[in-house]
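Undergrad: Starting from the known structure of chain A, fit chain B onto it as the hints suggest.
Listed here are the chains, written in short residue letters.
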Amino acid sequence: MELIFSTLHTAMRLMIPYLLISLGGLLCYKSGIFNLALEGFAILGCFAAVAAAKVTGNVLLAIIFSMLITSVMGAVFAFFVLKFKVNPIVASLAFNLIGEGLSRYLLSSFFGVSGRLVLDASLELPVHNVPILKNIPILGDVFNNLTSLAYIAFLLVIVMHVVMYKTKFGFQTRIVGLNETAAISVGVNANRVRYIGLILGSAICGLAGAQLALSVRMFNVGMTGGRGWTAVVILMMADSRPVQTLLLSLLFGVADALIMKLSGQSVASQLLATIPYLLAFVITLIPLLTKRMRIANIRHNARRAFLISNEKTSLNSAFTTFSNNNAEGKE
Amino acid sequence: MNNRRFANVLSFNQERLHNILNPITAVIVALLLSGLLVVFSGGDPINAYRAILKGAFGSKSAIESTIRYTLPLLMLGIAFTLSNKCGYFNIGQEAQMYTSALTIVTVQVFLGNSISTTTLFVVMIVLGMIAGAIVSFIPAYLKVTLGANEIVLSILLNSIVLSLSDFLLQNTALGQPGANTSMSVYFIPVIPKFALVIAAMIIVVLYAYVINYTVPGYQLRMVGNNPAFAKFCGLNNRKIIFTAAIFSGMLASLTASGELMGVYKSFYHNYADGMGFTAMTAALIGKQNVVGIIFGALLLGALQSGAIGLSASKGASPEIVILVRGFVMLLGTISILPHFSTLKQRKNKQEDGA
Numbered sequence: 290m291e292l293i294f295s296t297l298h299t300a301m302r303l304m305i306p307y308l309l310i311s312l313g314g315l316l317c318y319k320s321g322i323f324n325l326a327l328e329g330f331a332i333l334g335c336f337a338a339v340a341a342a343k344v345t346g347n348v349l350l351a352i353i354f355s356m357l358i359t360s361v362m363g364a365v366f367a368f369f370v371l372k373f374k375v376n377p378i379v380a381s382l383a384f385n386l387i388g389e390g391l392s393r394y395l396l397s398s399f400f401g402v403s404g405r406l407v408l409d410a411s412l413e414l415p416v417h418n419v420p421i422l423k424n425i426p427i428l429g430d431v432f433n434n435l436t437s438l439a440y441i442a443f444l445l446v447i448v449m450h451v452v453m454y455k456t457k458f459g460f461q462t463r464i465v466g467l468n469e470t471a472a473i474s475v476g477v478n479a480n481r482v483r484y485i486g487l488i489l490g491s492a493i494c495g496l497a498g499a500q501l502a503l504s505v506r507m508f509n510v511g512m513t514g515g516r517g518w519t520a521v522v523i524l525m526m527a528d529s530r531p532v533q534t535l536l537l538s539l540l541f542g543v544a545d546a547l548i549m550k551l552s553g554q555s556v557a558s559q560l561l562a563t564i565p566y567l568l569a570f571v572i573t574l575i576p577l578l579t580k581r582m583r584i585a586n587i588r589h590n591a592r593r594a595f596l597i598s599n600e601k602t603s604l605n606s607a608f609t610t611f612s613n614n615n616a617e618g619k620e
Numbered sequence: 012m013n014n015r016r017f018a019n020v021l022s023f024n025q026e027r028l029h030n031i032l033n034p035i036t037a038v039i040v041a042l043l044l045s046g047l048l049v050v051f052s053g054g055d056p057i058n059a060y061r062a063i064l065k066g067a068f069g070s071k072s073a074i075e076s077t078i079r080y081t082l083p084l085l086m087l088g089i090a091f092t093l094s095n096k097c098g099y100f101n102i103g104q105e106a107q108m109y110t111s112a113l114t115i116v117t118v119q120v121f122l123g124n125s126i127s128t129t130t131l132f133v134v135m136i137v138l139g140m141i142a143g144a145i146v147s148f149i150p151a152y153l154k155v156t157l158g159a160n161e162i163v164l165s166i167l168l169n170s171i172v173l174s175l176s177d178f179l180l181q182n183t184a185l186g187q188p189g190a191n192t193s194m195s196v197y198f199i200p201v202i203p204k205f206a207l208v209i210a211a212m213i214i215v216v217l218y219a220y221v222i223n224y225t226v227p228g229y230q231l232r233m234v235g236n237n238p239a240f241a242k243f244c245g246l247n248n249r250k251i252i253f254t255a256a257i258f259s260g261m262l263a264s265l266t267a268s269g270e271l272m273g274v275y276k277s278f279y280h281n282y283a284d285g286m287g288f289t290a291m292t293a294a295l296i297g298k299q300n301v302v303g304i305i306f307g308a309l310l311l312g313a314l315q316s317g318a319i320g321l322s323a324s325k326g327a328s329p330e331i332v333i334l335v336r337g338f339v340m341l342l343g344t345i346s347i348l349p350h351f352s353t354l355k356q357r358k359n360k361q362e363d364g365a
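Residue numbers (this note's numbering), protein chains in the order written: chain A, 290 to 620; chain B, 12 to 365.
It should be emphasised that the hints constitute simulated quantities derived from the structure, not laboratory data.
Predicted model only: the values in this text are computed from it and were never measured.
Cβ atoms here follow ideal geometry from the backbone N, Cα and C, with glycine treated the same way.
One or more of the hints may lead you astray.
To be verified - Computed list of lysine-lysine pairs in DSS-like fashion (alpha-carbon distance at most 30 Å, straight line):
{"#": "1", "chain 1": "A", "residue 1": "Lys374", "chain 2": "B", "residue 2": "Lys154"}
{"#": "2", "chain 1": "A", "residue 1": "Lys372", "chain 2": "B", "residue 2": "Lys298"}
{"#": "3", "chain 1": "A", "residue 1": "Lys580", "chain 2": "B", "residue 2": "Lys154"}
{"#": "4", "chain 1": "A", "residue 1": "Lys580", "chain 2": "B", "residue 2": "Lys250"}
{"#": "5", "chain 1": "A", "residue 1": "Lys580", "chain 2": "B", "residue 2": "Lys242"}
{"#": "6", "chain 1": "A", "residue 1": "Lys372", "chain 2": "B", "residue 2": "Lys96"}
{"#": "7", "chain 1": "A", "residue 1": "Lys580", "chain 2": "B", "residue 2": "Lys96"}
{"#": "8", "chain 1": "B", "residue 1": "Lys96", "chain 2": "A", "residue 2": "Lys374"}
What the hints assert, rightly or not - Far from chain B, some chain A residues (derived; all Cβ distances over 12 Å):
{"#": "9", "residue": "Leu297"}
{"#": "10", "residue": "Asn418"}
{"#": "11", "residue": "Asn424"}
{"#": "12", "residue": "Val532"}
Bound conformation, chain A alone (with noise of 0.2 Å):
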């Protein structure tokens, strides 16, 4: 019992980049831009909170600075795919490389060094022990503890289902996405929509930077590991509704966590590693599958339907053209 309590609490400290990561995508995806650049935004959100802690020595400031220069890559990259209409799949794939770029050059030529940059240990991010969580027995097991970015997280969530669902600027969002022409036609200003929806997501992509690299403070060089795609992912299956991201992060959570726990025994670490991209795989195709099935029943009752009506009306029409035949026949 123990041991899952402490494995469902590990799981929740792994899923909150993902979480975070998918909530930064979920507006820009709601309003239709393909954005791939997650893994760049959320390498240089990382590299961001890294390096102002280092120079300021204060996690709060780092935290807004990498939130800061996330934006601002947020912005010029929905003024490339918007402004110059460069094609999004590629902008997408540009920033994951300017990301990697710029974290890793200006490591090497500010720092001095290459592949990671260990902060002090007063610059960890520091977990919350919640006063009246704590006494609850079950949950105080598996949430408390935890980072106060973790419980911001949690926080956004809501948040996004209210803009989502409940205010007006998540409505645009939801028709810009469905029909953008449509959108336009009633008076939507859907590149505004689109441009608010992409610097909000980035900048909680910061977030989820901030929280990878100073909850074990240091910054590697990498260090997102494939989250950015996973995220992607997550919206996809998703279909970028906030609590279903939050239930499929939780599975990615769970995922990584069994994964740590299970590297302590002997199995490769490398196959391990295939885990969360193998689930990844198979969870893309799950809502496609299931929706194809969905219609293969159907057509399959239909056509059921339509046989058996016509069995009976085909008996009639033989017997008609029997009749009719011979009755040509006779004349």
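TA: Then chain B, alone, in the frame of chain A:
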């Protein structure tokens, strides 16, 4: 009337001019931007440019290394374009390369000492091509039948295959279990370097001929440009997309064979790191046109080989090359002169009206 025809010719020329000028402007702007960044971080951009140029074209060995980096990019760029022409966005080329590399290693381990070198070589190439084709076919199949997003699937496949190949090289007889980095056994068949160049040239010419002057090439472009129209013309869209995907995977696998047997002579961990994306950049700068891809691959190959020169000099750290690549990719597809062309068109319209 005459005037309008002339305007048409002019606009056609203008389009070609755009296609040539845009990438060049993009490259220059990208280099300037990264130069600015170098200045900002306290480096010396002039020195850095010089080091890159010297590392790419400065000596005989530098030119050799440029060609060595250009060839795989050229091949992969063509593989990307081939599949992209019919609407299949193939960025799983790294997965295809790793899989065919694993196949080649397997052949080397299990058949290496029992058959002659020529047979071994042929078996390696053929089996590698089959493996690459299968890996390329999976996302294409899922895209066509289920409507899955092939981009996400192929990127996930890249990571899966990379980890899997690491596992196999470190833990099984395919690799050298004692070694620090994962690397495989040495290959017996070795391709000489000039043969690589000639093979690449033959493939490029063949590709250009097939895609531009034959019926299958025309059908491929038709499916890419307007699937509905192609379908109503009686084409089997699925079959054509699958064929393109398979050939694209085969080309990627041939690239892998060339890299492994011509350059490394063994299979290293992460040997194709980022190659697929770089090749895609080359194809996009080249506007998916054969000559353009050749120049794009040459540019990116020169950058890659210049990065080695950069690490030896004191201008800037070599990671800047990743940034240059990113900027080139971002700027490469923008039409930089649309403002100019709209002005011209407006002027033409006004003249027509008058």
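Undergrad: All hints are to be evaluated individually against the structure, with a verdict given for each.
TA: Comparing the hints with the structure gives:
1. A:Lys374 to B:Lys154: Status holds; Cα separation ~25 Å.
2. A:Lys372 to B:Lys298: holds (20 Å)
3. A:Lys580 to B:Lys154: holds (14 Å)
4. A:Lys580 to B:Lys250: holds (23 Å)
5. A:Lys580 to B:Lys242: Given pair lysine 580 of chain A, lysine 242 of chain B holds - Cα atoms ~24 Å apart, limit 30 Å.
6. A:Lys372 to B:Lys96: Roughly 26 Å separates the two Cα atoms, so the pair holds.
7. A:Lys580 to B:Lys96: Judged against 30 Å, a Cα distance of about 29 Å means the pair holds.
8. B:Lys96 to A:Lys374: holds (20 Å)
9. Leu297: holds (26 Å)
10. Asn418: Non-interface label stands for asparagine 418 of chain A: nearest chain B Cβ at 37 Å, farther than 12 Å.
11. Asn424: holds (42 Å)
12. Val532: Label holds. Min Cβ-Cβ 22 Å, cutoff 12 Å.
Every hint from the earlier list agrees with this structure, and none is contradicted.
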